[in-house]
Amino acid sequence: MRIPLCAAALLASALAAGAANAASFDCNKARSPDEKAICADRALNDQDVRMSLLYDITRRLVPMGSRGAIMDDQQAWLRNRRTCGANKACLARSYQNRIATLNRVLEERVYPNGPF
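Residues -22 to -1, 1 to 94 (mature numbering (1 follows the signal peptide of the UniProt record, and there is no 0)) make up the sequence shown, in order.
The reader is advised that the hints may include incorrect statements.
To be verified - List of simulated lysine to aspartate or glutamate pairs, EDC-like, C-alpha gap at most 16 Å:
1. Lys66 with Asp34
2. Lys66 with Asp24
3. Lys14 with Asp4
4. Lys66 with Glu13
5. Lys66 with Asp51
Unchecked claim - Here are the simulated distance ranges between beta carbons:
6. Ala64 with Asp4: 17 to 25 Å
7. Asp50 with Asn91: 19 to 27 Å
8. Asp4 with Gly46: 20 to 28 Å
Hint data in this document are derived by calculation from the structure and do not stem from the laboratory.
The beta-carbon is built from N, C-alpha and C at its ideal position, and this holds for glycine as well.
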């Protein structure tokens, strides 16, 4: 898989910024069981940061007409993630599926429109 230079640079800068954050949300304000579980588990936390970075990159790079659908899909995914509660296996599967979906969006809707 070839990553366009622009996307690679965006990902690298986002990873550097994301490394200082605990999760894609403020763990001090975590109230729901899924958020508390994510904040308490390093692997889930890492998946959350990765998913958040992919979402941000995807949302910025897809053609304008696709952004609303990407944002709607993210909200639906967050609602679905919440149904996992504190079940770490369920949360991990949810993140794996979302990350795979976002990677497919990049491969199908963003990379073909390069070079950047």
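Against the structure, the hints come out as follows:
no.	hint	result
1	Lys66 with Asp34	violated, 24 Å
2	Lys66 with Asp24	holds, 13 Å
3	Lys14 with Asp4	holds, 10 Å
4	Lys66 with Glu13	holds, 11 Å
5	Lys66 with Asp51	violated, 22 Å
6	Ala64 with Asp4: 17 to 25 Å	holds, 18 Å
7	Asp50 with Asn91: 19 to 27 Å	holds, 21 Å
8	Asp4 with Gly46: 20 to 28 Å	holds, 26 Å
Against the hints set out earlier in the document, violations occur for numbers 1 and 5.
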